[in-house]
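S.K.: Listed below, chain by chain, are the residues.
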Amino acid sequence: MTIDNPTPEATALAANDTQGLSLGKIVWGRFVRHKAAMISAVVLTITIIVVLSSIGVGPIPGWWIWQPNDIDPTIVNNGHPTLAWDGLWFTLGDHPFGQDPIGRDVFARTMRGAQVSLMVMVIMGVIATVVGVVIGAFSGFYRGRTDFILQRGTEIFIAIPTIVVTAVIGRHFGASSNPAIFGIALGLLLWPGLTRLVRADYLSLREREFVDAARVAGASDRGIMFRHILPNAMGVIIVNATLLMATATILEAALSFLGFGIQAPNVSLGNLINEYQNSFSTRPWLFWWPGFFIIVYALTINLIGDGLRDAFDPRQRRIPKTKELSKEAIVKAEREVAE
Amino acid sequence: MLRFITRRMLTAVGVLFAATYLFYILAANAGDPLQDLRGSSQPNREELIAARTAELHLDVNPFIRYFYWLAAALHGDLGKDYKTGQDVSSMLGDAMGQTIKLVGFASVAAIVLGVLIGIISALRQYTGFDYGITLMTFLMYSLPSFWVAVLLKQWGAIGFNDFLADPVIAPLSLIVIGAVMGIVVGAAIGGEWKRRLMFGGIAGAMTSIILWIMSATGWFSDPGLGPVVILMLGLGIASIAVFLISGFNNKRALYTALTVVAVGVIAYFPMQTAFIYTSGLVAFVSLIGFIAAGVVVGFLWGGPDKNVSGRIGGIVGGFMYAFLWLDFIMGQWKVYTETPAINGRPIGTVGSSTPDLSGSKYWISTIDSFTHMVLPITALILISLASYTRYMRGSMLEVMNYDYVRTARAKGMPERTVVMRHGFRNALIPIATLIPLDLAGLFGGAIITETIFGWNGMGRLFVDALNTVNVNVLMGYFLVTGILLLIGNIIADVLYVLLDPRIRVE
Chain F
1 MTIDNPTPEA TALAANDTQG LSLGKIVWGR FVRHKAAMIS AVVLTITIIV VLSSIGVGPI
61 PGWWIWQPND IDPTIVNNGH PTLAWDGLWF TLGDHPFGQD PIGRDVFART MRGAQVSLMV
121 MVIMGVIATV VGVVIGAFSG FYRGRTDFIL QRGTEIFIAI PTIVVTAVIG RHFGASSNPA
181 IFGIALGLLL WPGLTRLVRA DYLSLREREF VDAARVAGAS DRGIMFRHIL PNAMGVIIVN
241 ATLLMATATI LEAALSFLGF GIQAPNVSLG NLINEYQNSF STRPWLFWWP GFFIIVYALT
301 INLIGDGLRD AFDPRQRRIP KTKELSKEAI VKAEREVAE
Chain E
340 MLRFITRRML TAVGVLFAAT YLFYILAANA GDPLQDLRGS SQPNREELIA ARTAELHLDV
400 NPFIRYFYWL AAALHGDLGK DYKTGQDVSS MLGDAMGQTI KLVGFASVAA IVLGVLIGII
460 SALRQYTGFD YGITLMTFLM YSLPSFWVAV LLKQWGAIGF NDFLADPVIA PLSLIVIGAV
520 MGIVVGAAIG GEWKRRLMFG GIAGAMTSII LWIMSATGWF SDPGLGPVVI LMLGLGIASI
580 AVFLISGFNN KRALYTALTV VAVGVIAYFP MQTAFIYTSG LVAFVSLIGF IAAGVVVGFL
640 WGGPDKNVSG RIGGIVGGFM YAFLWLDFIM GQWKVYTETP AINGRPIGTV GSSTPDLSGS
700 KYWISTIDSF THMVLPITAL ILISLASYTR YMRGSMLEVM NYDYVRTARA KGMPERTVVM
760 RHGFRNALIP IATLIPLDLA GLFGGAIITE TIFGWNGMGR LFVDALNTVN VNVLMGYFLV
820 TGILLLIGNI IADVLYVLLD PRIRVE
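Here the protein sequences come in this chain order: F and E. Take 1 as the starting number for the first sequence in our numbering and just add one per residue. Take 340 as the starting number for the second sequence in our numbering and just add one per residue.
Don't take each hint at face value.
Which bits of chain E does chain F cover? Going by a derived footprint, with three or more residues having C-beta under 8 Å, they are [stated by the list, open to error]: (1) 360-370; (2) 474-480; (3) 786-797.
Keep in mind the hints are simulated off the structure, nothing from the lab. Where a beta carbon is used, it is the ideal one built from N, C-alpha and C, also for glycine.
Work out the full structure: start from the sequences and follow the hints.
M.R.: Written as structure tokens, this is what we have:
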């Protein structure tokens, strides 16, 4: 709602937001105030620390005794999860998430799956963002023929089903055994959505005065595109890259589930679910944990993306209640309104 | 406009050519179509390999082989499935029928529900209801579809069937369901605390009591509505329609709605006989007939704005038929569950129908396909509902902040008119341009849901063909989905221009 006569709160809010701060600080300030996003950021950080440290990464050992493919010949408690609540804190037990039918530790396997998903997600996010931004920038900045060709190319990429490409890559480049290649492949496929948004942003930003100013000052096309316009388009890019990563987590899991993604003996959250779906009636926990981690990833990243969107685009922002603002700010603003 | 469409069509053909070419190369490299023969121990192995190589032109490089396919496709021949020898076009036809039934139903339900929830959420911005809905949509957004589908299949089906075998709701469940319902209604209704408590309390208590009556009278094993409930439902729909479209001050609209409800309830008795002879086509024609009758009643009550009355009459008429239909099909439920092929466990998890269902008349087979669709449709709705809700909420919030909405309020329009005429209609524009693309995408099928629930739809066809490297089938699939997607894209653009007069084609 547009405010014609600024209330003291609104003035205080505006002052609170922007007074002598850089854009980065303003955005950060708004992001921190977004509760769901902050909680998500904390949860995601803790999850990533646990996922990386538990079974270790590559040569670095972790604190957990079992590795994903270790077989424990003694099946503890019929394979049931030993994770328990002793009134004060969780106790892990021998196999906190239980064991699968041949005795492998589900906790270790889930952690490895979560590591793989994380890796695919990050690689994919970086590549898709870079490709999407570059193509969108050229398309929106040069318009005309360049735009036409690039946009038709984008349409072709949208039309081709992802699953076919991953099937081909899996066969020829061993993506099924190497998550990094799989991540690169997904990155090279999922940029079109971002491209369209970046292009739209560039189309409008290129008409602004600062672009003329930069050109008069002798900046090159590349310089204008990436040094002058890009920072102004950063909001759209960061928000959508985040949301893209949430999508990628689910997509990776879905492809692995169908057998066109990461395959055994490699472990990913999707292929764990696929592997264990038939033992659902006897050992449902095999199925719960990988799904739980997919949801944690996707949900926290989606909420962080939402928080970033609110932070970058204050028009749709949640206005904090008066009591959340500092008292001085309101008093000061009241004085300003009175004057 | 015409020039715009023509130009878009021409570029679409170009894009389609390039995309099919790229797709062909990819599909041809997705695996080895001779794999099953290479590993076989049949004595005529070499001959079989040679025969299939000749049939599929495997000795030709894929970059050129594409043109063999293209030449045949331009003559309307999409080739054959090398495994079964079936024509690809007939396979596509069958699969599309299944997919439209499943995904079409789910999409329509998701759109309607999403729009509804999105609007309420936007109108109650920053309330507990809004936050609750936002959190729910984010959660649904983040649910992996295959996980939900497996869960529904393994848990939902068994739980549902166990419940239907002994349909008694425990007292605790009754209270919990009632409480949840009360909280949701109370939160959605908005306004003063007292008002919300009252409405929430009534809704919660009503839910519990109705469920208790249903449970105590064995309604779940032998359901039905009967004329009294149909009358009550009809009055409910009539008041909602009148409230939303014209307001109760419009007496002619109100009389129209009430007349149509009365006609519908009277029609209950002759329809009991008519329904016995109903088939799918007859049911559809009858629905149209009821809607038309409602429109006519509206016109007869007429007055200066007979269009409004006509619209209300039509909507109420359609719903009245739906209630009558529902009542009759519920009457068949007991017969259905007691057939030997079903044996008291009606909710299916595999396929689209029970294979050896005796006496598959219209009603029984409709129930059968319904019981098979419940779970996959639930999975699909859960996944696609979130994005529509988010979209509608955002769009409605934006529209409600526009100046023309403030103008409408300022000149004293009732809130209903502001929301429905000025807000809702304009908020639908972005959604309306999304829908053609989504409906086009719908023909691609739901790969995961169809695979898990064993539906022989487009998605399943595609995955199976990919597993056996059946390039002809893959190309047929891609051609259909690609063409529909490009057309959907063009329709979306045209619709945008038509709906929003501020946008002009260059």
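S.K.: If a hint holds in the structure, say so; if it does not, say that too.
M.R.: Going through the hints against the structure:
{"no.": "1", "hint": "360-370", "in the structure": "holds (count 7)"}
{"no.": "2", "hint": "474-480", "in the structure": "holds (count 4)"}
{"no.": "3", "hint": "786-797", "in the structure": "holds (count 3)"}
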